[in-house]
Amino acid sequence: MRLLALLQPLLALLFAPLLPGVINRTKAFFAGRRGPPLLQAYYDLGKLLRKGAVYSRTTTWLFRAGPLVTLAALGVALLLTPLGRLPAPLAFEGDLILFAYLLGLGRFCTVLAALDTGSSFEGMGASREMQFAAFAEPALLLGLAALALRGGGWSLSSLLSGLTEGLPGGGPALVAAAVLIVFLAENARLPVDDPNTHLELTMIHEVMVLDHGGVDFAFVQYGAALKLWILGALVVGIVLPLPPGSWGLRAAVSVAGLLGLAVVVGVIESCLARLRLLRVPQLLVGAGALAVLALLVALR
Amino acid sequence: MTIPFLRVRQGQPVALASLAPRGIAEFRAAIIAAVRDGARLAAFFGHSAPGEDAVRLYAVLADDAAGELALATTDVRDRYPALTPDCPQAQAFERELAEQWNVWPEGHPWLKPLRFHAPYRTGGTPVFPAGADRAPGVTDFYRVAGEEIHEVAVGPVHAGIIEPGHFRFQCHGERVLHLEIALGYQHRGIEGPGRDGFPILGKSSAGGFQCVETVAGDTTIGHALAHAEAVEALAGCRVPARAQVLRAVALELERLANHTGDLGALAGDVGYLPTASFCGRLRGDFLNLTALLCGSRFGRGLLRIGGVGFDAEPDRVARLLEQIERARRDVANAVNLLWTTPSVMARFEGTGALTADLCTELGLVGPVARACGLERDDRSRFPAGLYRFAQMPVSTWHTGDVFARAYVRWLEIQRSLAFVREQLETLPAGPIWREAGALPPHALVVTLVEGWRGEICHAVLTDAHGGFARYKIVDPSFHNWLGLALAMRDQQISDFPLCNKSFNLSYCGHDL
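Chains A and B are the protein sequences, given in the same order.
Count along the first sequence starting at 1, add 188, and that's the number in this note's numbering.
The second sequence: position 294 = 289 (this note's numbering), numbered continuously.
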């Protein structure tokens, strides 16, 4: 069983770059285009890994460490992440706190690397990222706490497997909505950030990594795909009921759920304009409010 | 008091002898008074023939209410009291004068080079001395002091495939306190004297047509039309009716293509995919219609002095009409999505608003001015060619924000579509070209064309042999760039790309 559980992070490592591909294909479909190949993210990673990197003389070791530490933090977080409702290889009481702050550590290092370049663009991006994270983090933690209070316990794996129903009314539905908003914000998707824009003045996440190249940028891109998978797995875990059956079937259903989520993201991005930056905190506070409400329902 | 202005219609040639120079004090007071009474400074330029000591300044005032132009001239040597403190819309013109002709507008509040080139005049004291630092963007910028202020410099190299320009923001957090725009990277010397001392456009009307078509690549028809009308007016050439209709159709197709592209780009800037993708394609459809007329998507070679270079046979007209009808349906579907999507409207409304007063004061033109409720449209105020016979209603909106600029474009798209269809259905028979004779010596003509971006002004002075002595081009962008800078005040810096796109000004049209 333990060995089987190790297969889950392996699935993530292998298939995470597929998610941006699915999102892009969905958007292309809505725009009447053919779109890039599903495996484009893999091709990009392959290309970047073969390239050298250029470092500005104004940067220090912080800049080089940024992508590495971020990827490492996400790798550890992956070990704590249950795939759907299948338990993670690493689970202990209170691991959801570690999970949230591993994501935080990744962000912190990305931001440090961005500030290290001294570019005003990257400074702006870093400031926006930290501001929005301050709103997104409580929404995520409170939402998870609401699920934990339903009796699952304070570990990601146990609180998700503790959800016996599919998507019952009340608490979990509220949490699902909150976590979905956090998922969109953390992964720099619409309506919070626009992953397609080339306009530095409006970007949040993309502008922070402008100066990275080659292998470093491959780490950044791969890290972004892993983050999409990790938070997506949480959303799928809350929303999707698991059929009883073999491990393989349950894993397949969860992966299918993740791909479905990518399609949903593509649809959202195809029919919504981006929020004005000033409004983003309102959306995230809204997610926080949903999480608080879920907490109250759970405490009742 | 004598009236210091010579009042003419647009495209009406005048002998230079009838335009006596006034004293600088009278000239200055008259312009300030006229602008205060509602006129616009359409052009304000200098000329000094090689060997002459003085520089003669020409002012062209456009009186929208009367549909008339008022001309005035004066002679200055090295310096004169600037108009800008009392007439802000002269600010860029006076910077241009100082740079081109070494005349110092005394009291100009922000006298900086505009295009960073060597002066045209060898005499006089250079206002901006030559040096190694005469490179675009190498200049002082307005700065806001303070610990919490940060400066953001964007360009001249941009992330997208656009023209070079430098934008300097003074920000407090995300809020823009001030934006200063430095251009000149695209300066090609179109107005300047070539090696032989004549305008680079050529000594005569024959040489410069291709050059005029490239003043701003997206406004090929607009500038070519202003040029052709100026030369034809001087030569007294009456353009056949069929050619005039084809010219107007081409001008409106250019407007359709660019307005559609702009609406798509606005949608793209707020991350709204459907309109962005479909308008991108539809812009290509409209460009292809121009290509159907003349073989060039941007209308190169379509116009020529005395008419047009390509006729539209009946089957070609039928194909045009059929494709226009298809494009009309598609563009309505794509664009109406914008007005019915709340998340898009939330971004457009209230962003980058300009007031009508500010617009009037700065002399802004085109959709930008019409979006503030000003009825400034040269097609109805200063009609030339077909527009003297065919009515083109003025499309305005009153809010002055990004939404207004987008919505005015949509209104104009609909009107242009109806206009083009109507004109093609009643295309008059006859020749498409008539030979133009020689140009008269010592004459001046000013033509105004409402291009898709706004008023295009060409002013031509001829010399003793009927060649060009001075060729002045004012692209609408020349007026409007300052409008963009002021629209950004107190806005979020993240809204700049959206604001910029809603103006969509030309860099090369400004830099010439």
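Hint data in this document are derived by calculation from the structure and do not stem from the laboratory.
Be a bit skeptical, because a hint or two may be false.
Derived DEER-like restraints, expressed as beta-carbon distance ranges [as the list claims (entries may be wrong)]: (1) R129/B x H386/A: 52 to 62 Å; (2) R221/A x R429/B: 46 to 56 Å; (3) G345/B x H386/A: 22 to 32 Å; (4) L487/A x Q409/B: 34 to 44 Å; (5) H386/A x V139/B: 22 to 32 Å; (6) R221/A x S291/B: 21 to 31 Å; (7) V242/A x G345/B: 38 to 48 Å.
Just so you know, even glycine gets a beta-carbon here, dropped at the ideal spot from N, CA and C.
- prompt: Does the Cβ pair R221/A, S291/B satisfy 21 to 31 Å?
  reply: Holds, since R221/A and S291/B (Cβ atoms, about 26 Å apart) stay within the stated range.
- prompt: Range hint 22 to 32 Å: satisfied by the CB atoms of H386/A and V139/B?
  reply: About 28 Å separates the Cβ atoms of H386/A and V139/B, which means 22 to 32 Å holds.
message: Verify the CB-CB distance for L487/A and Q409/B against the hinted window 34 to 44 Å.
response: Since L487/A and Q409/B have Cβ atoms about 58 Å apart, the given range 34 to 44 Å is violated.
message: Is 46 to 56 Å respected by the C-beta to C-beta distance linking R221/A and R429/B?
response: holds, 47 Å
- prompt: How does the Cβ-Cβ distance of R129/B and H386/A compare with 52 to 62 Å: does it lie in that range?
  reply: violated, 31 Å
- request: Look at the Cβ atoms of V242/A and G345/B and judge whether their distance stays inside 38 to 48 Å.
  value: This hint holds: roughly 42 Å between Cβ atoms.
message: Quick check: does the Cβ-Cβ distance between G345/B and H386/A fall within 22 to 32 Å?
response: holds, 25 Å
Hint violations for this structure: numbers 1 and 4, all remaining hints satisfied.
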